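Residue 5 is where the sequence shown starts when you use the numbering used here, and the numbers rise one by one after that.
Some clues are possibly wrong.
Estimated spans, in silico, between C-beta atoms of each pair [said to hold, decoys possible]:
| # | residue 1 | residue 2 | range |
| --- | --- | --- | --- |
| 1 | Glu17 | Leu64 | 18 to 26 Å |
| 2 | Phe35 | Ser62 | 18 to 26 Å |
| 3 | Thr65 | Tyr91 | 39 to 47 Å |
| 4 | Ser67 | Thr10 | 29 to 37 Å |
| 5 | Glu74 | Ala25 | 20 to 28 Å |
Hint data in this document are derived by calculation from the structure and do not stem from the laboratory.
Since this is a predicted model, take the numbers as computed values, not measurements.
Idealized CB from N, CA, C, for every residue including glycine.
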Amino acid sequence: MPDNLTEWLAVLEQFERALDAADETMDPRAFEPPSGPIPDELRARAEAVLTRQQLMISGLTASRAHVAREIAALRRVPSGRDDVPIYLDVEG
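Start from the sequences, fold in the hints, and give me the full structure.
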């Protein structure tokens, strides 16, 4: 068993928890991977985590673009002016 297996298991569990609870934030400290390559026993799991992260990034990118379009539409709405009537009196 590689000597960094435990460290990599901890990293993968951290990433999986973050993906499972997308609204929670990961540890704000800078990420530093364990020394050495990921052990072969964890390669499939790491690839699955990477795939989920990429899907999450794609979803966030799409959401961001949608919000940007909504903001752009809101910015096109004219702001209210104080020197013009707001309502038109059609009866009097």
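Each hint tested on the structure:
For the hinted restraint 18 to 26 Å between Glu17 and Leu64, the CB-CB distance of approximately 22 Å keeps it satisfied. Judged by the Cβ atoms, the range 18 to 26 Å given for Phe35 and Ser62 holds: they are separated by roughly 21 Å. For the hinted restraint 39 to 47 Å between Thr65 and Tyr91, the CB-CB distance of approximately 43 Å keeps it satisfied. The supplied range of 29 to 37 Å is met by Ser67 and Thr10, whose beta-carbon atoms lie about 36 Å from each other.
The beta-carbon spacing between Glu74 and Ala25, approximately 26 Å, falls within the hinted interval of 20 to 28 Å.
This entry satisfies every hint, going by the numbered hints stated previously.
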